[in-house]
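Colleague: So you can see what is in the structure, the chains are spelled out below.
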Amino acid sequence: MSEWWTYRLSSFLLFSPRTWFRLHELYNAEIWPAQVAALVLGLALFVLARRGGGRSGPVVALLLAACWLWVAWAFHLRRYATINFAATWFAAAFAVQAVLLIAIGAVRGRLVLDANAWRRPGLWLIAFAVLVQPVTGLLAGRSLLQSEYFGVAPDPTATATLGVLLLGRRPSPLLMVIPLLWCVVSGAFAWMMRTPDMLLMPMVALMTLAVAIARRPPAARVA
Amino acid sequence: MRMASRSDSPAISPHPRRRFLGALAAAAGSALLPEGGLAQNATLVTRAIPSTGERLPVVGLGSWITFNVGDDRVARDACADVMRNFFAAGGRILDSSPMYGSSQAVIGYGLARLGMPATLFSAEKVWIAAASRGTAQVEESRTRWGVSRFDLLQVHNLLAWQDHLPMLFAMKQAGRLRYVGITTSEGRRHRDVEQIMARHPLDFVQVTYNPVDREVEARILPLARERGIGVIVNRPFRQGALIDAVARHPLPAWAADLGCTSWAQVLLKFVVSHPAVTCAIPATTRVAHVRENMGAARGAMPDEAMRRRIVAHVERL
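Line by line, the protein sequences give chains A and B.
Reminder that position 79 of the first sequence reads as 79 in my numbering, one-by-one numbering, no gaps.
Reminder that position 235 of the second sequence reads as 235 in my numbering, one-by-one numbering, no gaps.
Incorrect hints may have been included.
[What the hints assert, rightly or not] One-sided excerpt, in silico: chain B residues whose CB lies under 8 Å from chain A:
id, residue
1, THR66
2, VAL69
3, GLY70
4, ASP71
5, ALA75
6, TYR100
7, SER102
8, GLY175
9, GLU186
[Stated by the list, open to error] Taking beta-carbon pairs under 8 Å as the criterion, some of the chain B residues facing chain A (in silico):
id, residue
10, ILE65
11, ASN68
12, ASP72
13, GLY101
Source of the hints: derived by calculation from the structure; they are not laboratory data.
Please read all numbers here as calculations on a predicted model, not as lab measurements.
Here a beta-carbon is modelled for each residue, glycine too, at the ideal position from N, C-alpha and C.
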């Protein structure tokens with residue numbers, strides 16, 4: 001469609017912030033108490049990630065894959081698609097990320113959580129996603145019922161995933177692509193809605209990229 | 001007091017207020033007439049659709065963003081309430097598009113709750129790149145609205161207009177549609193819009209127009225008058241940004257001369273007082289706002305001097 005170039009970014013914001021917040025409110029009410037289960041899952045993820053080692057990686061990858069699949073189906077397809085036709089594409093991307101986590105992280109065992117790596121940024125991101133990010137919704141004018149929770153909503157799920165990937169011995173760039181793209185998409189929508197937390201997901205992406213680049217061996221950086 | 005409208009040739013007076021009142025007196029015979037003919041201050045102002053003479057209130061209701069509330073029952077009921085107040089205030093033209101998410105379904109929900117108001121003037125769009133799917137999309141939209149046929153169908157943002165326009169003209173010829181139009185917004189593709197207006201027998205063109213975005217005054221609005229094409233104005237408040245920008249400033253004293261009690265009414269009266277404009281379609285989710293907007297379709301309308309004053313004032317803010 002050659003006319004796409006005539007559209008502005010704001011042309012793709014189809015809903016108001018109020019509708020977006022109500023969407024989360026209805027979704028959270030509908031899936032309750034899945035948020036509690038997801039919180040337990042998030043804490044388990046943090047413990048496994050902190051422990052590191054060869055066995056933790058595949059388990060963490062499977063846990064994250066389950067979260068990405070849930071968000072694809074329960075949030076994007078069943079809820080978000082009612083106000084945004086692009087949500088079906090987001091659902092597809094989230095499903096692809098789940099498949100990648102299973103294939104690369106669990107089946108091929110490429111997600112090796114390195115106990116000796118520079119661990120703090122990754123662990124901070126996971127802890128932030130599970131415990132703090134839902135509360136940031138309050139700063140953006142949302143109630144807790146309208147907030148986003150790890151494992152069941154896209155933003156904290158992407159944040160925690162990036163945190164885990166930063167703990168990988170040799171993080172697969174392929175596993176980072178969709179979470180980083182989601183940070184951009186989410187930031188763009190938040191910017192269009194002018195919500196106070198509009199810089200949050202872009203900052204998560206920038207921090208992830210900065211740490212990932214800083215962690216690469218000098219030879220790899222030169223190459 | 002007589003109903004006001006703008007005059008194309010306002011009497012020159014050193015006193016702005018007298019000049020304004022003089023313009024009101026010159027209103028008789030203008031294209032802008034109160035419903036029922038003779039002027040009454042609180043009468044709804046209507047404009048004739050150039051191609052048929054059918055009259056429409058100068059303020060309609062848009063649905064971009066505001067009616068896209070998904071399956072949220074509470075929000076749907078709020079939208080239905082907005083529609084109820086719109087029709088109760090004499091509103092007729094309701095505009096939507098397949099691009100507006102769930103807006104069509106929400107309009108259908110509201111219309112069903114209101115028992116399908118007989119005064120409804122349904123304005124829809126076709127917005128699909130694949131020409132072969134245009135008819136199916138129109139039918140899908142019609143089902144969502146729950147109407148037997150649309151009054152107006154427009155090619156949204158000129159997308160695949162070469163294919164969709166013949167389809168819409170064929171529908172009109174077959175009696176399955178009353179009016180055909182094209183739309184653009186935010187200044188997109190104005191040159192193409194002009195060419196289509198010049199070459200095709202359109203009933204309507206939809207454009208963005210407000211005291212800040214006045215590009216259409218140069219060519220499109222004069223061409224619409226020349227070709228007898230009705231003009232629907234979208235984004236009269238720049239999606240609320242214009243209201244936000246002026247709202248922190250006090251309403252000027254001269255707004256009272258127009259019967260305006262809010263900035264929204266001043267901005268709307270500026271838009272609909274242009275002689276080429278048939279109606280504006282502001283969108284809102286609030287009953288208070290729809291009442292306020294419909295208030296702009298009543299009472300005095302600015303003359304040319306007052307229109308210039310509005311522009312100068314808004315540009316200074």
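Colleague: Determine for every hint whether it applies to the structure shown.
Modeller: Each hint tested on the structure:
Satisfaction of the interface hint for THR66 of chain B is found here, the shortest Cβ-Cβ separation to chain A being roughly 7 Å, below the 8 Å cut-off. The closest approach between the C-beta of VAL69 of chain B and any C-beta of chain A is roughly 5 Å, which is under the 8 Å cut-off, so the hint is satisfied. Against a cut-off of 8 Å between C-beta atoms, the interface hint on GLY70 of chain B holds, since the closest Cβ of chain A lies about 3 Å away. For ASP71 of chain B, the interface hint holds, since its Cβ comes within 8 Å of a Cβ in chain A; the closest pair sits about 5 Å apart.
Checking ALA75 of chain B against chain A by beta carbon gives a least distance of about 6 Å; that is within 8 Å, so the hint holds. The interface hint given for TYR100 of chain B is met, as the beta carbon of that residue sits about 7 Å from the closest beta carbon of chain A, less than 8 Å. Because the smallest distance between the Cβ of SER102 of chain B and any Cβ of chain A comes to about 6 Å, under 8 Å, the interface hint for this residue holds. Nearest Cβ of chain A to the Cβ of GLY175 of chain B: about 30 Å, over the 8 Å cut. The hint is violated.
Here the hint on GLU186 of chain B is kept, as its CB sits about 7 Å from the closest CB of chain A, short of 8 Å. At about 6 Å, the closest approach between the beta carbon of ILE65 of chain B and any beta carbon in chain A falls short of 8 Å, and the interface hint on this residue holds. Hint status for ASN68 of chain B: holds, given a least beta-carbon distance of 5 Å to chain A, under 8 Å. Taken as an interface hint, ASP72 of chain B checks out: its beta carbon lies about 5 Å from the nearest beta carbon of chain A, inside 8 Å.
With its C-beta approaching chain A no nearer than about 4 Å, GLY101 of chain B sits inside the 8 Å limit, and its interface hint holds.
In this structure, the one hint that does not hold is number 8.
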